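J.: Take a look at the letters that make up each chain.
Protein chains: 2
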Amino acid sequence: MACNMKREIRPTTAVVPCPVVLLSVAGPERPNIITLSWVANVCSDPATIVVGVRPQRHSYQLMKDTRDFVLNVPTTELLEATEFSGTKSGRDFDKFAECGLKQVPATKVKSPMIKECPINIECKIVKVDSLGVHDLFTAEVVAVHIDESVLNENGRLDASKTNLFTYLPLTGEYWSLGEQIG
Amino acid sequence: MACNMKREIRPTTAVVPCPVVLLSVAGPERPNIITLSWVANVCSDPATIVVGVRPQRHSYQLMKDTRDFVLNVPTTELLEATEFSGTKSGRDFDKFAECGLKQVPATKVKSPMIKECPINIECKIVKVDSLGVHDLFTAEVVAVHIDESVLNENGRLDASKTNLFTYLPLTGEYWSLGEQIG
Numbered sequence: 000m001a002c003n004m005k006r007e008i009r010p011t012t013a014v015v016p017c018p019v020v021l022l023s024v025a026g027p028e029r030p031n032i033i034t035l036s037w038v039a040n041v042c043s044d045p046a047t048i049v050v051g052v053r054p055q056r057h058s059y060q061l062m063k064d065t066r067d068f069v070l071n072v073p074t075t076e077l078l079e080a081t082e083f084s085g086t087k088s089g090r091d092f093d094k095f096a097e098c099g100l101k102q103v104p105a106t107k108v109k110s111p112m113i114k115e116c117p118i119n120i121e122c123k124i125v126k127v128d129s130l131g132v133h134d135l136f137t138a139e140v141v142a143v144h145i146d147e148s149v150l151n152e153n154g155r156l157d158a159s160k161t162n163l164f165t166y167l168p169l170t171g172e173y174w175s176l177g178e179q180i181g
Numbered sequence: 000m001a002c003n004m005k006r007e008i009r010p011t012t013a014v015v016p017c018p019v020v021l022l023s024v025a026g027p028e029r030p031n032i033i034t035l036s037w038v039a040n041v042c043s044d045p046a047t048i049v050v051g052v053r054p055q056r057h058s059y060q061l062m063k064d065t066r067d068f069v070l071n072v073p074t075t076e077l078l079e080a081t082e083f084s085g086t087k088s089g090r091d092f093d094k095f096a097e098c099g100l101k102q103v104p105a106t107k108v109k110s111p112m113i114k115e116c117p118i119n120i121e122c123k124i125v126k127v128d129s130l131g132v133h134d135l136f137t138a139e140v141v142a143v144h145i146d147e148s149v150l151n152e153n154g155r156l157d158a159s160k161t162n163l164f165t166y167l168p169l170t171g172e173y174w175s176l177g178e179q180i181g
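Residue numbers (numbering that gives the first Met the number 0), protein chains in the order written: chain A, 0 to 181; chain B, 0 to 181.
Keep in mind that the hints are not guaranteed to be accurate.
Identical copies carry no separate label here, and so any pair may be met within one copy or between two of them.
Here are the simulated EDC-like pairs of lysine to aspartate or glutamate, each with C-alpha atoms no more than 16 Å apart in a straight line [claimed, not checked]:
| id | residue 1 | residue 2 |
| --- | --- | --- |
| 1 | K107 | E7 |
| 2 | K160 | E172 |
| 3 | K126 | D64 |
| 4 | K126 | D67 |
Derived from the structure by calculation, the hints contain no laboratory data.
Nothing here was measured: the structure is a model prediction, and the numbers come from that model.
Could you put together the complete structure from these sequences and hints?
T.: Have a look at this one:
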């Protein structure tokens, strides 16, 4: 595909494609949801993830106060809720209500899970580090829930039974997954 | 898609889908390539990425010694090289030679870029933190190169001109991208 001529552009966050998660977090008035792409699995034992969040975001203080959150993996059916939760503030909107999403109590953390997402990852915050305009939350995974409808007979995820999607920060686009290639 | 019945599984790194990058790093004998999925954009200014690497991996010490690396984004044409570089050790193989990949000098770091990858992200390591079985490398992006063949008329990535793919750690599968949905 490459024509072997490259253009150097300004230094930017160019890793593609990226995950998309709906992070749900408890709050004093109501829980909130924030769409994030700056998230990764980073350590298998203890199972650890990181997320990058701007301190100005409404969820930032909720996360610092609650000390936990849930990463909910959306499907293409939830694209509208994903875009809404990534662009509107929880200061102005009850995102669960606006998006028609249902809260389900988590088993290990105070923050609620989103029922409509087939994968829910309960996380307890270990530390928060400033990187610049974003802070990095390091969190330990304490429980994972997967919808029975997307499991195979061995109790593992069957990705063909759901419609995962991905985000390209270089273009601001969401893309569906195609097919298994390896 | 969800049938509203969830199964709780053991705590694990369940974020899906994930990026796949070929990390190239300089070395005293030869440069090495390691395939990583535990990688994320985490801060926009300064542009910062993180990667999780086990200390036992050959590239780990090269990264610590060199203090920089390049994240090369592969396409589906490089799936074989991706799998090879993720499962074989640079102690035993010259991965550039084995995979038929060409080194290109980077502009800001000592580590080489992989010519065949349409996106190359030069990174300087800021710090290394132990998380458990993996260490977390925090690195600043110092240059980005994109192949002219995958740019649109405005000089931005046109993802339809290349074949990006993604990794699902819950299943160990690689999936192609489908189509733009948002």
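J.: Run every hint past the structure and note whether it holds.
T.: For each hint, the structure was consulted:
no. : hint          : verdict
1   : K107 <-> E7   : between (46 Å within a copy, 11 Å between copies)
2   : K160 <-> E172 : between (23 Å within a copy, 14 Å between copies)
3   : K126 <-> D64  : within (12 Å within a copy, 27 Å between copies)
4   : K126 <-> D67  : within (11 Å within a copy, 25 Å between copies)
Every hint, counting from the list given before, is met by this structure.
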